[in-house]
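Protein chains: 2
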Amino acid sequence: MPERRVTMADVARKAGVSPTTASFALSGRTDMRISDASRERVLEAARELGYRPNVTARSLRTKSTQTIGFVSDRITTTPFAGDVIRGAMEAARERDNLLFITEAGGDRAAESSLVHALLDRQVDAVIYASMFTRYVTPPKELFGRRVVLLNCLAPGFDAPSVVPDELEAGRDAARALLAAGHTEGIWAIGGHQAVPATPEGIIAGNERMRGLEEVLRAGGARLDGVVECDWDTRDGYREVSALLAAGHRPRALVCLTDRVSMGAYQALGEAGLSVPGDVSVVSFDDQDIAAVLRPALTTLKLPHYRLGRLAVELILGEGPLEAAVHRVPMPLQDRASIGTPATR
Amino acid sequence: MPERRVTMADVARKAGVSPTTASFALSGRTDMRISDASRERVLEAARELGYRPNVTARSLRTKSTQTIGFVSDRITTTPFAGDVIRGAMEAARERDNLLFITEAGGDRAAESSLVHALLDRQVDAVIYASMFTRYVTPPKELFGRRVVLLNCLAPGFDAPSVVPDELEAGRDAARALLAAGHTEGIWAIGGHQAVPATPEGIIAGNERMRGLEEVLRAGGARLDGVVECDWDTRDGYREVSALLAAGHRPRALVCLTDRVSMGAYQALGEAGLSVPGDVSVVSFDDQDIAAVLRPALTTLKLPHYRLGRLAVELILGEGPLEAAVHRVPMPLQDRASIGTPATR
DNA sequence: GCATCTTGCTAATCCGATTTAACAACGGAG
DNA sequence: CTCCGTTGTTAAATCGGATTAGCAAGATGC
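These protein sequence lines are chains A and B, in that order.
Counted the way the numbering used here counts, the first sequence spans residues 21 to 364.
Counted the way the numbering used here counts, the second sequence spans residues 21 to 364.
Hints listed in this document are in silico derivations from the structure and should not be mistaken for laboratory results.
Take the hints with a grain of salt, since some may be wrong.
Copies of one chain are not kept apart here, so a pair can be met inside one copy or by any two copies together.
[As the list claims (entries may be wrong)] Here are the simulated EDC-like cross-link-like pairs (lysine to aspartate or glutamate), alpha carbons at most 20 angstroms apart as the crow flies: (1) Lys83 with Asp298; (2) Lys160 with Asp140; (3) Lys160 with Glu68; (4) Lys321 with Glu161; (5) Lys34 with Asp144; (6) Lys34 with Asp56; (7) Lys34 with Glu233; (8) Lys160 with Glu23; (9) Lys321 with Asp308; (10) Lys321 with Glu342; (11) Lys34 with Glu333; (12) Lys83 with Glu23; (13) Lys83 with Asp140; (14) Lys83 with Asp354; (15) Lys83 with Glu110.
It should be emphasised that the depicted structure is a prediction, and the values quoted were computed from it without experimental measurement.
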């Protein structure tokens with residue numbers, strides 16, 4: 021049975037002052053003249069009693085619960101996207117905030133219900149997050165509220181977005197290939213926007229391809245072909261097998277995600293081709309498999325942690341939120357899957 | 021600018037009754053005689069105004085915030101353990117509760133600070149979770165509180181624990197091998213408790229091995245050897261390579277975790293041995309790689325979702341919490357890595 | 001016809017803080 | 001000696017609900 025919590029009234033009584041004085045002393049407000057002696061006695065009493073303010077009670081008056089709601093479609097289940105939550109959480113903690121984490125599973129009704137549950141608990145702000153970078157329409161309950169969109173964009177919805185810089189990542193993939201000397205026999209596996217589950221289309225594929233082609237072209241290289249397929253291991257395996265069976269001999273593969281890379285590794289291995297000796301591979305996302313594949317995969321990392329952190333930093337910043345798009349760099353994880361082009 | 025929230029006073033005014041009557045009508049209490057007419061008017065007014073009770077304000081009086089705190093060492097970052105959170109979250113939602121998710125990163129001071137932050141917000145209960153199944157000592161702030169231990173055990177701490185049934189999983193691994201006809205040439209890779217980062221020792225390794233050996237022996241089979249190593253891909257690769265280099269010819273490998281299995285696959289592949297033609301592999305955990313390895317890995321799944329769900333169900337159950345240990349079955353994911361023993 | 005019960009409703013308090021308005025006590029100016 | 005401005009402090013109101021105690025009006029009992 022937890023003993024009754026110490027209240028401010030207890031502190032005031034022990035310090036021999038009124039609750040009002042205790043409140044001012046504890047909140048450290050200077051506009052409300054408290055003698056040093058009184059302040060000291062209150063602080064001392066609070067320390068001795070182990071007083072901690074009841075945030076819930078305080079919020080009734082101040083309207084601030086120091087609490088942020090986090091609504092996502094499926095983000096907690098996505099491999100490694102837990103880093104988004106960790107980034108958000110740590111940034112929140114640094115400013116004495118806590119996070120309500122919720123997941124609607126893509127269900128609009130569940131989403132509304134969750135947002136209501138959050139608002140009923142007086143959250144100060146809401147982070148609306150998506151598993152894939154895509155266009156969304158936030159539930160109407162969020163209109164006019166303090167919101168940051170995480171990993172998604174909502175034209176017409178007045179809130180800042182935080183997204184990975186996919187375009188620049190595409191460019192960096194091209195730069196990495198060019199730097200190793202690749203100018204021909206380059207294939208892209210995974211295509212532009214091949215995830216069937218997202219009708220709005222995912223942004224990642226398009227922007228990665230755009231950046232890739234732009235820099236390749238500028239560097240005097242070209243893409244031999246683009247294979248459209250789902251972003252999973254099975255499809256990567258099948259498409260690369262088919263490519264090889266058709267007689268093509270790629271020197272470099274740009275896989276649109278690590279899962280596809282893993283499938284590509286399997287297909288190349290079965291064909292007796294080595295990475296990066298015969299074929300270089302550069303990838304995107306840096307999922308957990310990327311570092312344990314052999315050879316370790318060179319990939320452009322989704323900056324999960326920084327995405328989560330930036331979202332919270334924006335939300336807890338002063339002043340109104342501007343409807344800008346914040347792009348977070350995707351750092352190159354330079355490992356072992358890119359080599360100099362194989363000589364024929 | 022969100023317009024002022026509708027309060028119960030607004031509803032009462034619109035319905036032409038006192039706030040007291042509105043409160044009773046809305047809470048549906050039968051012990052406090054409200055005429056059907058009044059009740060109907062209040063409900064109608066609430067509906068029209070879109071009234072939602074302020075949970076924060078209510079909790080000031082009732083002491084219940086319908087909110088649960090979740091404290092873990094690193095669980096949000098563990099691959100796929102997001103399922104724990106999802107299970108907990110969904111169970112919470114079904115009973116109109118929300119979850120504060122926090123992560124202390126193994127830091128005792130941070131842990132205390134987080135628990136305080138939770139208690140300051142008047143959480144009704146706390147789930148104390150660990151990434152690995154192990155012994156823990158919860159922070160003193162949690163003593164006497166409503167707590168459920170998730171994936172950990174704390175002797176002397178009066179709270180229920182929810183853990184995977186590792187012992188039975190070990191037995192099931194043995195049964196799967198016996199059923200396929202394996203009785204000799206069986207090696208265990210990963211050993212008893214080889215994770216260096218957990219000084220308390222992890223329970224999983226020991227119990228898995230115990231169940232494995234027990235059923236193997238009862239079935240007239242035996243373990244040719246146990247290789248102790250870290251639970252990661254690199255070590256699995258190195259140890260299995262060494263095993264083969266030493267001239268051993270295992271017919272079945274029991275890998276203590278999927279990461280080790282992945283390393284084993286790599287080593288076996290390099291040695292020209294096929295799975296399951298030459299060597300069967302059975303594993304534990306069912307991480308995300310298990311299903312995408314080729315051949316797909318047969319493994320005993322860590323029941324993340326059900327662990328999280330059960331913890332919340334216990335916490336939101338009626339009455340006091342008993343200090344019992346709840347073991348959740350680890351279902352066999354029967355895929356393609358076990359075959360009949362190779363003939364010499 | 002008067003005392004007693006029900007029935008239906010509401011005034012007043014409380015929960016734990018913050019904040020506004022006001023009030024003593026004191027010192028200096030005139 | 002009075003007036004006024006500081007300084008330090010506190011009573012009271014407030015936030016949005018839940019709950020206790022009590023109060024009218026009508027029904028019932030004898």
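Checked hints:
1. Lys83 with Asp298: neither (63 angstroms within a copy, 67 angstroms between copies)
2. Lys160 with Asp140: Result: close within a single copy only, 15 angstroms intra versus 31 angstroms inter.
3. Lys160 with Glu68: between (48 angstroms within a copy, 18 angstroms between copies)
4. Lys321 with Glu161: Neither: 34 angstroms inside a chain and 39 angstroms across chains, both beyond 20 angstroms.
5. Lys34 with Asp144: neither (33 angstroms within a copy, 28 angstroms between copies)
6. Lys34 with Asp56: So lysine 34 and aspartate 56 pass the 20 angstroms test inside one copy only (17 angstroms; across, 50 angstroms).
7. Lys34 with Glu233: neither (72 angstroms within a copy, 64 angstroms between copies)
8. Lys160 with Glu23: Close across copies (14 angstroms), not inside one copy (43 angstroms); limit 20 angstroms.
9. Lys321 with Asp308: both (11 angstroms within a copy, 18 angstroms between copies)
10. Lys321 with Glu342: Answer is neither; intra-copy 27 angstroms and inter-copy 45 angstroms both fail.
11. Lys34 with Glu333: neither (39 angstroms within a copy, 41 angstroms between copies)
12. Lys83 with Glu23: Between copies, since 14 angstroms is at most 20 angstroms while 28 angstroms is not.
13. Lys83 with Asp140: This pair counts as both: shortest intra-copy Cα distance 12 angstroms, inter-copy 16 angstroms.
14. Lys83 with Asp354: neither (48 angstroms within a copy, 53 angstroms between copies)
15. Lys83 with Glu110: Neither, since 23 angstroms and 28 angstroms both go past 20 angstroms.
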